[in-house]
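Trainee: Protein chains in written order, with full-length UniProt numbering: chain A, 1 to 374; chain B, 1 to 374.
The set of hints was computed from the structure by calculation and includes no laboratory data. Any given hint could be a false lead.
Same chains, same label: a pair holds when it works inside one copy or across any pair of copies.
To be verified - With a straight-line Cα cutoff of 20 Å, these simulated EDC-like cross-link-like pairs (lysine to aspartate or glutamate) come out:
#1 Lys-329 with Glu-306
#2 Lys-315 with Asp-83
#3 Lys-170 with Glu-125
#4 Lys-78 with Asp-301
#5 Lys-207 with Glu-261
#6 Lys-71 with Asp-302
#7 Lys-297 with Glu-307
#8 Lys-315 with Glu-48
#9 Lys-329 with Asp-245
#10 Lys-315 with Asp-45
#11 Lys-327 with Asp-116
#12 Lys-78 with Glu-307
#13 Lys-299 with Glu-68
#14 Lys-170 with Asp-245
#15 Lys-186 with Glu-261
Number of protein chains: 2
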Amino acid sequence: MYKLLNVDGRAKRAQVHTVHGIVETPVFMNVGTAGAIKGAVSSMDLKEIKCQVELSNTYHLHVRPGDEVIKQLGGLHKFMVWDRPILTDSGGFQVFSLSGLRKIKEEGVYFSSHVDGRKIFMGPEESMQIQSNIASTIAMAFDECAPYPATREYMQNSVDRTTRWLKRCKSEMKRLNSLEDTINKKQMLFGINQGGTYADIRIEHAKVISELDLDGYAVGGLAVGESHDEMYRILDEAVPYLPQDKPTYLMGVGTPINILESVERGVDFFDCVYPARNGRHGHVYTNFGKHNLWNAKFKLDDRPIEEGCQCPTCKHYSRAYIRHLLKAKEMLGMRLCVLHNLYFYNTLMEEIRDAIDKNQYKEYKNSKIENMLQ
Amino acid sequence: MYKLLNVDGRAKRAQVHTVHGIVETPVFMNVGTAGAIKGAVSSMDLKEIKCQVELSNTYHLHVRPGDEVIKQLGGLHKFMVWDRPILTDSGGFQVFSLSGLRKIKEEGVYFSSHVDGRKIFMGPEESMQIQSNIASTIAMAFDECAPYPATREYMQNSVDRTTRWLKRCKSEMKRLNSLEDTINKKQMLFGINQGGTYADIRIEHAKVISELDLDGYAVGGLAVGESHDEMYRILDEAVPYLPQDKPTYLMGVGTPINILESVERGVDFFDCVYPARNGRHGHVYTNFGKHNLWNAKFKLDDRPIEEGCQCPTCKHYSRAYIRHLLKAKEMLGMRLCVLHNLYFYNTLMEEIRDAIDKNQYKEYKNSKIENMLQ
Numbered sequence: 001m002y003k004l005l006n007v008d009g010r011a012k013r014a015q016v017h018t019v020h021g022i023v024e025t026p027v028f029m030n031v032g033t034a035g036a037i038k039g040a041v042s043s044m045d046l047k048e049i050k051c052q053v054e055l056s057n058t059y060h061l062h063v064r065p066g067d068e069v070i071k072q073l074g075g076l077h078k079f080m081v082w083d084r085p086i087l088t089d090s091g092g093f094q095v096f097s098l099s100g101l102r103k104i105k106e107e108g109v110y111f112s113s114h115v116d117g118r119k120i121f122m123g124p125e126e127s128m129q130i131q132s133n134i135a136s137t138i139a140m141a142f143d144e145c146a147p148y149p150a151t152r153e154y155m156q157n158s159v160d161r162t163t164r165w166l167k168r169c170k171s172e173m174k175r176l177n178s179l180e181d182t183i184n185k186k187q188m189l190f191g192i193n194q195g196g197t198y199a200d201i202r203i204e205h206a207k208v209i210s211e212l213d214l215d216g217y218a219v220g221g222l223a224v225g226e227s228h229d230e231m232y233r234i235l236d237e238a239v240p241y242l243p244q245d246k247p248t249y250l251m252g253v254g255t256p257i258n259i260l261e262s263v264e265r266g267v268d269f270f271d272c273v274y275p276a277r278n279g280r281h282g283h284v285y286t287n288f289g290k291h292n293l294w295n296a297k298f299k300l301d302d303r304p305i306e307e308g309c310q311c312p313t314c315k316h317y318s319r320a321y322i323r324h325l326l327k328a329k330e331m332l333g334m335r336l337c338v339l340h341n342l343y344f345y346n347t348l349m350e351e352i353r354d355a356i357d358k359n360q361y362k363e364y365k366n367s368k369i370e371n372m373l374q
Numbered sequence: 001m002y003k004l005l006n007v008d009g010r011a012k013r014a015q016v017h018t019v020h021g022i023v024e025t026p027v028f029m030n031v032g033t034a035g036a037i038k039g040a041v042s043s044m045d046l047k048e049i050k051c052q053v054e055l056s057n058t059y060h061l062h063v064r065p066g067d068e069v070i071k072q073l074g075g076l077h078k079f080m081v082w083d084r085p086i087l088t089d090s091g092g093f094q095v096f097s098l099s100g101l102r103k104i105k106e107e108g109v110y111f112s113s114h115v116d117g118r119k120i121f122m123g124p125e126e127s128m129q130i131q132s133n134i135a136s137t138i139a140m141a142f143d144e145c146a147p148y149p150a151t152r153e154y155m156q157n158s159v160d161r162t163t164r165w166l167k168r169c170k171s172e173m174k175r176l177n178s179l180e181d182t183i184n185k186k187q188m189l190f191g192i193n194q195g196g197t198y199a200d201i202r203i204e205h206a207k208v209i210s211e212l213d214l215d216g217y218a219v220g221g222l223a224v225g226e227s228h229d230e231m232y233r234i235l236d237e238a239v240p241y242l243p244q245d246k247p248t249y250l251m252g253v254g255t256p257i258n259i260l261e262s263v264e265r266g267v268d269f270f271d272c273v274y275p276a277r278n279g280r281h282g283h284v285y286t287n288f289g290k291h292n293l294w295n296a297k298f299k300l301d302d303r304p305i306e307e308g309c310q311c312p313t314c315k316h317y318s319r320a321y322i323r324h325l326l327k328a329k330e331m332l333g334m335r336l337c338v339l340h341n342l343y344f345y346n347t348l349m350e351e352i353r354d355a356i357d358k359n360q361y362k363e364y365k366n367s368k369i370e371n372m373l374q
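With the rest of the complex left out, here is chain A (with noise of 0.2 Å):
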């Protein structure tokens, strides 16, 4: 259930209702992979960093440690001790990005894996039925994330397919929410708009999936090579088209600017690797831009990353200690760079919620940019 408390220009500020628990909007969800967040954090840390939805890779699942494996020990959130809201990708995009050989047909993917080569087939109903037994709170639909660019044929045979695949989703989850043994038989269903940088084709598909009535909508196939400015006109066109009742999700964005303009334009739910990636390679986030620790301006330095900032590692640890820490390949360092990471990205949606509140979004987006681009 969506509970829109209020907008402020185009940007929304709500509350989901699931059965994991509310979720407070625009939100971003923190990334774990393989059912942790890479960096040697842990559920309880994603507690203490503030994060409220955790985002979990139905094919890395499938494949490892197999989804019957999590369905036995009693769901993923049980498998990796988090009782918040856990939303599940398809596994569509890994099968596209990630595996070897593959075939697209109209009953799903024939791809191999990226970890033993064994031949792999998925299609919505087999998506489904991974991500009920996985058991997350939100389930993403069956989808072709297209390649970028792409002609303009084959992206409405494509988002056509997508169409057809969408509604097979809904049938499948459905049948599934009904069965004995499914563990969360209110499990969430996301629709994904595709289109590519066409938005005309965005627009047409946007109108079709909303009819369907689905939990929330995701803007899939962005972020894959065109610019931020196209990235920001296709929302521009195609945002509008989607249920303004209902979650909007754009899918693996992005930067903290990618994230305050696409506020702006009614997007409220966004998930992407770069805090804990960057994290791992020592690029720490601050209000006032980013820093590389490991340059040697830091050596001496015993300020914590940013003043101020409550993160577990920004209470105690040192630019220099952490520096030193990279450079001596302790893992700990990577863990309080990843850490603060993901600190200030929840922190920033817990300040643009604020703003929307306060029907200051404007201004405080114009603001935070300028800072960060100082």
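On the provided structure of chain A, position chain B as indicated by the hints.
Mentor: For chain B alone, kept in the frame of chain A given last:
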């Protein structure tokens, strides 16, 4: 200051008063080579897993980030944010085991850095200066850890030089502790007994160094290739010649059983990389033997590593989850195993102290070892 609380057989139960607080012995020091415990364990974690003394390696810190850097940042306590005792080794062991070409002379050792190959000289004075810059609570004397096996003649010459070096260490430490800009002016110095498996050389050396009235005495040069029985025999022979009213530290030892046997022989300080290294490989300790969490039999095992264990890992996570993390190469898997193993060691020491307090050490030890060998 060493306050002997109880003696049970030859097992000692004491308190060591330091400028960074009291150490309850017998104690296991947790090894954080480069100022951090491998496995993404922070100084905050160390408090949670009941660590009393952190041990860092002088050679590593001298090479990176440099002891001068640590001094400028206020010493290792401030650098790594740890307010309890720290013991640093002398750097000698790493010079002999890690570095490339080396030459031992009366003045000290010439060797090449394992990081960049540059030539370094380290003698007793240099070791004390570096440890004074690091500002550890307890500094170790610079000695030669002779190779195993060594001829009697080699060993006698080596031990004689180690005695001469020890006197120079003592003088230099006294001088450094009196300097205005020394961070820890109450830095303690432990001497090191050597002599390999030659009991008479060990005993003679123990008598000579005991006269120097140092803050504590270590038994070095064991656990370098000799059998456990030989090690216990040497402890039986040499420890009685070290001062009873000072800490007795068995360097680099060992397994839980090694520790249980050595406490019975009068040892009260230990350190070893085993718990952290084994943890990183998914080998975890329990009171009923070790488990290899990579083993397929844990695939669906939803029990903690050890039932009833109060460590941060066992309080939340299952064997099945940790096994999955290890297989998925998630750093979190290593972290959870290392936290458990260090907690296991620190808890073992707590039990040992309790048993000595109650004059039940022998019974405790026998039943503990019997369980572990099950």
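Trainee: All hints are to be evaluated individually against the structure, with a verdict given for each.
Mentor: Do the hints match the structure? See the list:
1. Lys-329 with Glu-306: neither (22 Å within a copy, 30 Å between copies)
2. Lys-315 with Asp-83: The answer is between: 15 Å across copies meets 20 Å, while 26 Å in one copy does not.
3. Lys-170 with Glu-125: Intra 9 Å, inter 75 Å, cutoff 20 Å: intra-copy only.
4. Lys-78 with Asp-301: Answer is between: at 13 Å across copies they meet the 20 Å cutoff, but 41 Å inside does not.
5. Lys-207 with Glu-261: Result: close neither inside a copy nor across copies, 23 Å intra and 75 Å inter.
6. Lys-71 with Asp-302: between (47 Å within a copy, 12 Å between copies)
7. Lys-297 with Glu-307: within (17 Å within a copy, 48 Å between copies)
8. Lys-315 with Glu-48: The answer is both: 12 Å in one copy and 17 Å across copies each meet 20 Å.
9. Lys-329 with Asp-245: Neither, since 48 Å and 40 Å both go past 20 Å.
10. Lys-315 with Asp-45: both (14 Å within a copy, 14 Å between copies)
11. Lys-327 with Asp-116: between (33 Å within a copy, 13 Å between copies)
12. Lys-78 with Glu-307: between (37 Å within a copy, 17 Å between copies)
13. Lys-299 with Glu-68: For Lys-299 and Glu-68, only the inter-copy Cα distance (11 Å) is at most 20 Å; the intra-copy one is 49 Å.
14. Lys-170 with Asp-245: within (19 Å within a copy, 76 Å between copies)
15. Lys-186 with Glu-261: Neither: 32 Å inside a chain and 57 Å across chains, both beyond 20 Å.
When held up to the earlier numbered hints, the structure conflicts with 1, 5, 9, 15 and fits the remainder.
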